[in-house]
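Trainee: Assemble the complex: chain A is given as a structure, and chain B must be docked to it using the hints.
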Amino acid sequence: MALLEVEAVHAYYGNIHALKGVSLTVDEGEIVTLIGANGAGKSTTLKTISGLLRPRQGHVRLANEDLSAYKPHQIVAKGIVQVPEGRRVFGRLTVMENLEMGAFTRTDGKEIRQAAESVFALFPRLKERQHQVAGTLSGGEQQMLAIGRALMARPRVLLLDEPSMGLAPALVDSIFDTIKQLHATGTTILLVEQNARMALQVADRGYVLQTGEVILSATAENLRSNEMVRKAYLGLT
Amino acid sequence: MLRRVLESLSLTDSFMWLTGGAIVAVIVVGSAATLSMGRYSGRHWFDFIIFGLAQGSIYALIALGYTMVYGILRMINFAHSEIFMSGPYTACYVAMALSRSGFLESQPILSLAVIFIVAMAVSTVIAVLLERIAYRPLRTAPRLVPLITAIGASFFLQYTFRGLYGSGFQAYPDIRMLQGAWLLGPLRILKIQVVVILAAALMMAGLYLFIQRTRIGKAIRAVSEDKEIAALMGIDVDGMIVRTFVIGGMSAGAAGVLYALMYRQVHFFMGFIPGIKAFTAAVLGGIGNIPGAMLGGVFLGLFESLGPNLFLDGLGVPSPNQLKDAIAFIMLVMVLIFRPTGILGERLAEKKA
Chain A
1 MALLEVEAVH AYYGNIHALK GVSLTVDEGE IVTLIGANGA GKSTTLKTIS GLLRPRQGHV
61 RLANEDLSAY KPHQIVAKGI VQVPEGRRVF GRLTVMENLE MGAFTRTDGK EIRQAAESVF
121 ALFPRLKERQ HQVAGTLSGG EQQMLAIGRA LMARPRVLLL DEPSMGLAPA LVDSIFDTIK
181 QLHATGTTIL LVEQNARMAL QVADRGYVLQ TGEVILSATA ENLRSNEMVR KAYLGLT
Chain B
1001 MLRRVLESLS LTDSFMWLTG GAIVAVIVVG SAATLSMGRY SGRHWFDFII FGLAQGSIYA
1061 LIALGYTMVY GILRMINFAH SEIFMSGPYT ACYVAMALSR SGFLESQPIL SLAVIFIVAM
1121 AVSTVIAVLL ERIAYRPLRT APRLVPLITA IGASFFLQYT FRGLYGSGFQ AYPDIRMLQG
1181 AWLLGPLRIL KIQVVVILAA ALMMAGLYLF IQRTRIGKAI RAVSEDKEIA ALMGIDVDGM
1241 IVRTFVIGGM SAGAAGVLYA LMYRQVHFFM GFIPGIKAFT AAVLGGIGNI PGAMLGGVFL
1301 GLFESLGPNL FLDGLGVPSP NQLKDAIAFI MLVMVLIFRP TGILGERLAE KKA
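Line by line, the protein sequences are chains A and B. Its first residue numbered 1, the first sequence is counted upward by one per residue in the working numbering. Its first residue numbered 1001, the second sequence is counted upward by one per residue in the working numbering.
It is possible that part of the hints are untrue.
What the hints assert, rightly or not - Derived BS3-like pairs: lysine-lysine, alpha-carbon spacing no greater than 30 angstroms straight-line:
1) A:Lys71 x B:Lys1227
2) A:Lys110 x B:Lys1227
3) A:Lys180 x A:Lys231
Honestly, the hints are just simulated from the structure, not real lab data.
So that you can see chain A by itself, here it is in the shape it has in the complex (with noise of 0.2 angstroms):
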């Protein structure tokens, strides 16, 4: 049984159909990248994961439990955490305040001490620079901060949406290297990329996803070898 299913959920933008009855799954323990080109609708379909966004048709469930009742804070409460696009994390709160924003769905202040320490072993930098205030990190530095923030949740589906966006290639091997370790330790992953070799790499299986709709889906090693990925998301003949 599926920890995450999107079963044919259709959701709009006022009156643009975004998703067109996309479905997909992720099992426990995986990671599962969605590659398409821009405006595919791949950041949409994690919105409407995370309730930003309701779906008009179709279902979000979560463990078999229906999330369309809930508010996007239920949401991540019930275990779904998202890291956005962009990194967005809260410039002028401290790198600390940052992370305690993160666990601000739990309460126990000895766990939070210990998830914040368990993120700091993951990335070191930001335990340098944890009463500095966000917005001074470096583009990097907040890629780390928005990801070890959204581990401050203990997600039980942590959703990453373009990790590598707007990153020098030496920073992208890392976020690379840190979904690696984190996969190793059992988190389970719903991978949005624009950068399709590098997801292809890490994840296990991937869906194409065209004009709202997922148009193929298979292994990661599959849609390596295929031969239209190859062509439009890979950039090799």
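Mentor: Coordinates of chain B only, in the frame set by chain A:
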């Protein structure tokens, strides 16, 4: 070089700078003349300063409500002056009942506590109802719509209170404990002014610590910065907005009681001038910025109290104290010319302009 600078100045810019310069010149010349005249002794200046501080702390408490609501909703809650009025107005009737029964005489501290609690509760309830009924349904509307609604709500509340309690002034009962003055060597300080300053300072310090240190305070700051992301972190955005209105209502209610104790009367229109002044204070400090509102309030109070005598008396202006409201708003114009983001508003400029 100079020519290029002159050419780059637009007509309105140069007009504004000229106006600003002229006002500064009047202030400097006027102050010098007043001080050389020597009509006021140190004791007078001390009185002006204490009165300014007391008045300014009340402005600061009200300004907090404007600035926090602006911070979280990007909206000026023009009905805040009625939130300020409603609490002490209602509590006035409680105070009169306490006074008639003699309880006010025998237990002044307990009575004051009751008056404060009633006023803060009424102001808070009205603030929360406003948010729920008038503002929340318009959360996604264009920004002008909730602004107009706020002005409408302000009139609605004014005339509701007028209908309920009449259009006359209502005298606040005397609390003997707060009357008279303390002597500090050659200086006299009115007890009520000391109480106002200390009470306001205490409340502001408490509020500042709450916003800076507590989990809820940090969440309010997070929501002010980015509502969508705050929701994605599991923060109940609507809940935090309600809490902001609760804090604004409580401080406005408390400020209202301090105001009523200082001037010993209430009236359905009493919120208008302090409300506008506190809004000015919030803009002075940099709207959206909490320490800025506190600073702006105290600054405006001092300016208003010292200004007329210091700047205008030396220029031979007759009865300069009648011009104190004009001076307060000229102050606002000056700040908007020379520092449009307010005293502590620099971070705001990049984010929200």
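Trainee: Keeping to a limit of 30 angstroms between CA atoms, is the pair of Lys180 of chain A and Lys231 of chain A held or broken?
Mentor: holds (26 angstroms)
Trainee: Taken at face value, is the distance from the CA of Lys1227 of chain B to the CA of Lys71 of chain A at most 30 angstroms?
Mentor: Holds, because 13 angstroms separates the two Cα atoms, which is no more than 30 angstroms.
Trainee: Can you confirm whether the C-alpha distance between Lys110 of chain A and Lys1227 of chain B stays at or below 30 angstroms?
Mentor: Within the cut-off at roughly 27 angstroms; holds.
In terms of the numbered hints stated before, the structure departs from none.
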